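Chemist: If you're matching positions, the sequence shown starts at 31 in the working numbering and goes up one per residue.
Hints in this document: simulated from the structure, not taken from any laboratory. Computed from a predicted model, the values in this text were never measured in an experiment. Using N, Cα and C, we set each Cβ at its ideal position, and we do this for glycine too. Hints should not be assumed to be uniformly reliable.
Unchecked claim - What follows is a list of derived Cβ distance ranges for each label pair:
| id | residue 1 | residue 2 | range |
| --- | --- | --- | --- |
| 1 | Q58 | T81 | 26 to 32 angstroms |
| 2 | R106 | D61 | 26 to 32 angstroms |
| 3 | V33 | R55 | 30 to 36 angstroms |
| 4 | A43 | R67 | 38 to 44 angstroms |
| 5 | A42 | I99 | 50 to 56 angstroms |
| 6 | G74 | A46 | 47 to 53 angstroms |
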Amino acid sequence: PGVRIYAQKVKAAVMAAHDSIIAARVKQTRDANRRRRPAPFVEGDLVYISTKNISLPKGLARKLAPKYIGPYRIVR
Numbered sequence: 031p032g033v034r035i036y037a038q039k040v041k042a043a044v045m046a047a048h049d050s051i052i053a054a055r056v057k058q059t060r061d062a063n064r065r066r067r068p069a070p071f072v073e074g075d076l077v078y079i080s081t082k083n084i085s086l087p088k089g090l091a092r093k094l095a096p097k098y099i100g101p102y103r104i105v106r
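Required output: the full structure, derived from the provided sequences and hints.
Modeler: Put into structure tokens, the structure is as follows:
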């Protein structure tokens with residue numbers, strides 16, 4: 031009997047933690063979206079692209095590569 035009660039308490043604690051995580055995720059998403067601004071770009075604009083997350087050709091040192099490449103036209 032003691033084991034069953036303990037298992038129920040642990041299950042309730044896990045469910046409460048899960049609910050709290052979900053509630054926190056919803057709140058963080060709502061707060062983040064509240065501060066978001068619409069993209070200032072429209073189709074046809076010319077933009078430069080950051081090379082921070084782009085893999086560069088082999089043999090080219092990252093610190094010698096340009097920080098931005100472009101301009102590229104926004105297609106869609």
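Chemist: If a hint holds in the structure, say so; if it doesn't, say that too.
Modeler: Do the hints match the structure? See the list:
Restraint check, Q58 to T81: a C-beta distance of roughly 30 angstroms satisfies the suggested window 26 to 32 angstroms. Taking the beta carbon of each, R106 and D61 are about 30 angstroms apart, inside 26 to 32 angstroms as hinted. Look at V33 against R55: about 33 angstroms separates their beta carbons, and that is inside 30 to 36 angstroms. In this structure the supplied range 38 to 44 angstroms holds for A43 paired with R67, their Cβ-Cβ distance being about 40 angstroms.
For the pair A42 and I99, the beta carbons lie near 55 angstroms from each other, so the given range of 50 to 56 angstroms is met. Range check, G74 to A46: Cβ separation about 52 angstroms, and the 47 to 53 angstroms hint holds.
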